[in-house]
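**Student:** Take a look at the letters that make up each chain.
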Amino acid sequence: RSSDLLLVRTSFISVTEGGVPLKRIQPVVCSRVTSNLAGLKRALGSLTALHESEGAQPHVKDCEVRSQLRVRSQMEQAETLATTVWSLSDTPEKLAQLNTHLKGSDDMLKRSIPVLNDLLAMLDPSKYTLAWLYILDTMGGESPPPQGAEGFCVHANTLITASDPDQLRIAPEKFSSVCRKFKEICIAAGHPARAAMPLKTAIRKVQPDTQYLSPQHGDFLQVCLLAKMYNAAVDILKDDVYEANPTLTGLVPRDFLLYCYYGGMIYCGKKRWSKALDMFQHAITAPAMALNAITVASYKKHLVVSLICRGEPAGLPKYTSAVVHRHVKACASEYGELAAAYATRNQQDLRACIAKHEEKFKEDKNLGLVKQCVDSLYMRNIQRLTQTYLTLSLGDIARLVELPGAAEAEAHVLRMIETDGIHASINQKDGMVSFLEEPEQYNSVSIMERLDAEVQNMVLLAKKVAMVDEQVSMNSAYIGKMMLKERHGRGFTDHDDFEVA
Amino acid sequence: MATSATPSMNNTSFDLEGYIGNYTGHARIQRMRFIAERVGAPLELEALRMAADELKKGENTVVYTEVIEQIGGRLGDAYQLDKDWIVKVERESAKRLEKLELELNQYKANLIKESIRMGHNDLGDFYYEQGDLQSAFKSYVRTRDYCTTSKHVITMCLNVIGVSFELGNYVHVTNYVQKAEQTPDVSDPVVLAKLRCAAGLAALENKKYKLAARKFVEVHTELLGKSNYSEVISPQDVAVYGALCALASFDRSELKTKVIDNNMFRNFLELVPEVRELIHDFYASRYASCLSYLDNLRTSLALDIHLHDHVERLYEQIRHKALIQYTTPFISVNLSTMAQAFNTTVLGIEKELAALIMDNQIQARIDSHNKILYARHADQRNATFQKTLATGEAYVRETHAMLLRASLLQHDFMSKPPK
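Read top to bottom, the protein sequences are chains C and U.
To convert, count from 1 in the first sequence and add 1; that's our numbering.
To convert, count from 1 in the second sequence and add 887; that's our numbering.
It is worth saying that the hints were derived from the structure and are not from the lab.
Glycine residues also receive a C-beta, built at the ideal position from the N, C-alpha and C atoms.
Take the hints with a grain of salt, since some may be wrong.
As the list claims (entries may be wrong) - Some residues of chain C that are not near chain U, with every Cβ distance over 10 angstroms (derived): (1) H192; (2) L227; (3) K239; (4) A331; (5) M475.
What the hints assert, rightly or not - Which residues of chain U face chain C? A partial, calculated answer using Cβ under 10 angstroms: (6) L1276; (7) T1286; (8) L1296.
Model the full assembly from the supplied sequences, consistent with the hints where possible.
**Tutor:** The following block contains the structure:
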């Protein structure tokens, strides 16, 4: 097997360098799995012998011996662990046992960090995923050492590609912690793109279904953002998420918020403003009892994006939690001012407001978005002109929308026509723009099909809602509460429930 | 809004004597003082002189002193501060006050309702003459408890209304008008007319032009006769206020039925022929002449104590209505002819129309190149389709968000505060 071969090769090289006769190697090659450790010992032994023959300093030899001893003891422990793993990996109940055992052996693992590599080598990731998880997690440690980072990445990669989803779900928190460390190493090393594909595979493995949210979603999206790989991210984002089940996926509230926040940012990068707005709104309206920095950041972005896409700040829906309602506006007062300046539809006001709060916007990393607001204000003003005028000269447009000159007006109008912002035609001879009616007459087959598809979609969605409703009404806690209520409110609740208006 | 005194007004054409002849008592004094503030010399002195004359007939020494100070000796010796008169009046007032209070206490001891009521009433009248409006108000309100017949109630209400007008407290005016109207068997048309005027004025002050117009056009012609309401308002005022508010707020059919075909109101309009012409012009779409009449009236209306705040706004509304009315029957309108009809430039008219279109008051689009206005009717079918698709999308979005939140709540997923 590959890990054996690796070991053999190293010992081979080290041995032949010393010019030791070849017949020493044979036993190493023929050794079985368990005695691989023995082989190692032997290889180490021959190394020390080499050092001895070369007349190395006594204390070096001493150290070698000591480390050899330590390694030997760790080896023994690791061996025992490996045997446990093998024995307990057959059936699901045994896996649960294994889980507890592994949790208990946390300390032992921490102490035997140097030999973990070899331990991993002994275990096949696809069969013994659980053990790999624990070992890798300990290997990652609190802050992984730079030289071990590369190895960690490789191992993480192997784990993710080869892991068994069922075993993953037994200890999902460990898996998310491993993935997170992997991601952090990649980001710190400056290669976020490396983590992208593995994390994507990770998501697919952990999810029982595409509708489930996992902690890896947030990590993956963050990596894509840093690597500017928006398209890869959109692939994952387009699956609508309906379930957030912590037992199956190891999800914590922070992960959900991160998912929404990063997802919104990716949509912003792709300029799909309405989807971005949805994501940010999910983050804001998530149930909460304490204000979270992610929620505040989402609120700020939500405000700016809704200015760009709708022209007015979309209010907080009434199901936002009370905590958020009360405090979020105070935290984002500059953005409130921005919204007020935008509402005046006056370019000067908007620019003045932006200049005033530029520092704060830069700090929140929202300056780019805010600058896009300015553009969108031009667009919106020009769109309003289409409602009032049939034809308008470019000079007039420039004047009405506060653009510097007719040439800029022409550029803007041209851009808007290309992106389907307005329907118009420019007559360059007269310098006139004619605004046309919307060509869509809604009388084609394609519209019919589109409407039909939407209706089907909605019927499915309604069925889903009915299903969830049924689930809730069968939930024992709910039934218990309803019975309690009935018992207390006997008499008038019945009438309320059944009275026909 | 033209609120400050503009000395460049056409002072000489304003007929002060004629104007003020319609008012008596407190209304006269108030209006004279107001005009004096607004207008420059020489009418200012004239107004102040008349105010001083009127005041000397009464007992209001405080206002008298103020007016004399405003005159500042410019009218000669006859209008210097007549301290003797002041002292005399004050002494007499003090005596009267004592007597009235004594009588009132007597009546209270006797517990005769009618006399108590009259005592309070007299006290109220006294304070009113003095210019002590707050006490007058209080006294009048006290009579309420002792009113036995509906006539008493009416008298009380009318008194309170009068005082509230001077106080500027229009909330009370509305309240008491309502009270008076609700009194059983109030059938005297004069009283009704008075109440309507009062209500109309209150609505005008509250900027509720439509309501004010409705009230004013219902005022009975009886008011023109002997028993008029000149302490508060003159019939000309009724006509002017009513007509302007109606023009600004009624639509065409209402204008016809309530104003033009209204016999009673026509009698009022006869008093101010300009306004009558104005209304007829508007109805007949002779906008140029209508607007020119309005401009002529503007200066004199700025001197009116009730209307001066609202002149600008009413004018604007009337102008807009005219513009909208002009464009409704046409599919396309040539902007230059329209500019001529309204006596402005093409660019000006284009700007005004653009503003109205953006406000959604006119359904049209402007062809700025050829300067033509094209009427435009919303395409219902397209609009319905668009709305349907939008509603569908909104539903999907909301339901998705709801299901997600439900899942979060089910697993008790919340960011909790650190313990």
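**Student:** Against each hint, give a clear statement of whether it holds in the structure.
**Tutor:** Hint-by-hint comparison with the structure:
1. Non-interface status of H192(C) relative to chain U is upheld: no Cβ of that chain comes within 10 angstroms, the nearest being about 31 angstroms off.
2. No Cβ of chain U approaches the Cβ of L227(C) within 10 angstroms, the least distance being about 24 angstroms, so the stated non-interface status holds.
3. Residue placement check: K239(C) keeps its beta carbon more than 10 angstroms from all beta carbons of chain U (closest about 13 angstroms).
4. Separation of A331(C) from chain U is adequate, the least Cβ-Cβ distance of about 17 angstroms exceeding the 10 angstroms criterion.
5. With a cut of 10 angstroms on Cβ distances, M475(C) stays outside the contact zone with chain U, its closest approach being about 13 angstroms.
6. Using the Cβ-Cβ criterion of 10 angstroms, the hint placing L1276(U) at the interface with chain C is satisfied: the shortest such distance is roughly 7 angstroms.
7. Interface hint status for T1286(U): upheld, as the beta-carbon distance to the closest one in chain C is roughly 5 angstroms, under 10 angstroms.
8. Evaluation of the L1296(U) hint against chain C yields a held restraint, the C-beta minimum of about 6 angstroms falling below 10 angstroms.
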